[in-house]
Amino acid sequence: MTRDDALDLVKAVLHQVAPEAEIEDVGPDQTIQEALDMDSIDFLNLVIGLSEKTGIDIPERDYPQLITPDGLVSYLTAKAR
Amino acid sequence: MGAFRMPSLGADMDVGTVTHWLIKPGDRVDRGDIVAVVDTEKSTIEVEIFESGVVDSILVGEGEEVAVGTPLAQISTNGISTARTEAPRRPQVAPAPKSPITSPVVRRLAEKLGVDLATLAGSGAGGKVTRADVEQAARLLEAEPEVVEAKPEIAEPELEISKTEQVAETGTALRRGSASVRPPAGTRTARPSWSRASPLARRIAAEKGVDVSTVRGSGPGGAVIAVDLSRPEPSARVQRVPRSPPAPEEEPARGHEARGRQAAMRRAIGNLMARSKREIPHYYLSTTIEMSTAAGWIERTNLDRSVAERLVLPVLLIKAVGRAVAAAPEMNGFMIDDSFVPSSAVHVGVAISLRQGGVIAPAIHDVDQLPLSELMKALRDLVGRARSGSLRSSEMSDPTITVTNLGDLGVESVFGVIYPPQVALVGFGRITDRPWAQDGLLGVRPCLTATLSADHRASDGHRGGRFLAEIERLLHNPEEL
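Chains as they are written, first to last, in this note's numbering: chain A, 1 to 81; chain B, 1 to 481.
The hints are simulated quantities; they were obtained by calculation from the structure and are not laboratory data. Among the hints, a few may not be true.
[Stated by the list, open to error] Derived list of chain B stretches under chain A, where covered just means 3 residues or more per stretch with a C-beta under 8 Å from a C-beta of chain A:
#1 309 to 319
#2 372 to 383
#3 432 to 446
[As the list claims (entries may be wrong)] Pulled from the structure, derived: some chain A residues nowhere near chain B, Cβ distances all over 10 Å:
#4 D5
#5 L7
#6 L9
#7 E24
#8 G27
#9 D29
#10 I41
#11 Q65
#12 G71
#13 A78
#14 K79
From the three backbone atoms N, C-alpha and C, an ideal C-beta is built for every residue, glycine too.
Put together the whole structure using the sequences plus the hints.
Structure representation (structure tokens):
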């Protein structure tokens, strides 16, 4: 999976979870949850969606790596084969 | 026999608009069936009926705004029409095959899929036709070659042009629906079939001139959400509704409408909160709860769970509140005519912020009885439906206590305003690492501030303190939850 693929996937799942949210609106030093005004249920739904789409089992201890757009894309590209 | 009235979907509701009826005269309804969709200033609610019976007449048309308490429909109970001319009830030896027993929702589904209910044998209780029966029949229909009477399209009256276009675009399901099951135009004027859609999606659809019912929803429960409307056009799923000539000056008007809806929501919230502050003698308590045990417990529990089954902290908090009211029943119930009426059921209202602004606090029922996994599912479902505008009337009208959790937004504590006629509201802030002294040692621990806003007419600070202490005890013993 390329970074572009990963980003597209994140966008698609994010649109399901929070239709009004755009990943581009998240600044480089901001977390997705903060910048997009998402609560913990929204974030969980994002993780569930990504896990379902990629087949990657994302353990909870990895969540801290997923809080920024860059971290999320890096994580997905590293884990998806 | 009874009147089905416009329900009060929360104390902040004075009027509601019936946007869709899911029943018609002659239909059989069962207690709990969703029979209508009502728009309030805050949300779109699916309204359930509280009585079983047969629909006698519909008294309020779609699109009409009426006050809470206005009779919407007449329901005759026990399947007997109120008209005395009807034969008295007999033991049901010979079932009447004409109108099979089913619920409005199933009937609606059948209509949508073009299935004739009279041809189905129900597999549900008492021969009731279930959703599964209808879906199976629809699959069979799908498999059959198209043998619809080849009614030439030209024969369709001109009135039906938009419908014909729709047929051409959305394919066989609709064609079956309109050609073989429904008699041709006239009996049923082109009423758009109802579909779930978020308030935002409805607004966007109206702006784009798109009929929401023709859009395939990707939100919870197939609800149409905003993103479904931003797919590239022209799409096979989206049908443009012919609109009167476009007017460039419409632009400001539309902004106006959105602002109008926002303003109505703010007004509704403002009125209720003003009433709460005017009438309820609030008292406030606060306590800091050490959360390392609870946080560790969730982490360990989630290790064995798949992503979709993991718990989040709010579930633990909601459950703790639901259980703690057993130790302080004065917190759970309603203030009615200046006297407190405790509730034996624990329906916890959960404050959910809406993306378009505003907040809504629908209930999760019987929280004290629900295992955590079930509660987690219920919470995800509720949040999804709150945001897509498909909450149910029972969820809106009967929370017995409310929980607000602003921890996600980073505040340390929240002192809420009680939601009348309830008498208590529990607020949770964010978990933060704080210096914590325990057993004579100072350490850094994750801590959470829990607050209580309670009604002095129903309880005193002493009891409120007892309640918060019980919440703390439960969170220190999460395996009990």
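Would the least Cβ to Cβ distance between L9 of chain A and chain B come out above 10 Å?
Correct as stated: the minimum Cβ-Cβ distance to chain B is 15 Å, above 10 Å.
Is the Cβ of G27 of chain A more than 10 Å away from each Cβ in chain B?
Correct as stated: the minimum Cβ-Cβ distance to chain B is 16 Å, above 10 Å.
D5 of chain A clear of chain B by more than 10 Å, beta carbon to beta carbon?
D5 of chain A clear of chain B: closest Cβ-Cβ about 19 Å, beyond 10 Å.
A cut-off of 10 Å on Cβ-Cβ distance, and L7 of chain A was said to be off the interface with chain B. Does that hold?
holds (16 Å)
Please check whether the beta-carbon of G71 of chain A is more than 10 Å away from every beta-carbon in chain B.
holds (17 Å)
A cut-off of 10 Å on Cβ-Cβ distance, and I41 of chain A was said to be off the interface with chain B. Does that hold?
violated (5 Å)
Since E24 of chain A was said not to touch the interface, does its Cβ keep a gap of more than 10 Å from each Cβ of chain B?
Fine: 15 Å to the nearest Cβ keeps E24 of chain A off the interface.
Using Cβ atoms and 10 Å as the threshold, tell me whether K79 of chain A really stays out of contact range of chain B.
holds (13 Å)
10 Å Cβ clearance of D29 of chain A from chain B:
holds (16 Å)
Checking a non-interface call: every C-beta of chain B should be farther than 10 Å from the C-beta of A78 of chain A. Is that right?
holds (17 Å)
State whether the coverage of the region 432 to 446 of chain B by chain A holds or is violated, taking the criterion as 3 or more residues with Cβ-Cβ distances under 8 Å.
violated (count 0)
Within 8 Å of chain A (C-beta), three or more residues of the region 372 to 383 of chain B
holds (count 3)
Against the hints set out earlier in the document, violations occur for numbers 3, 10.
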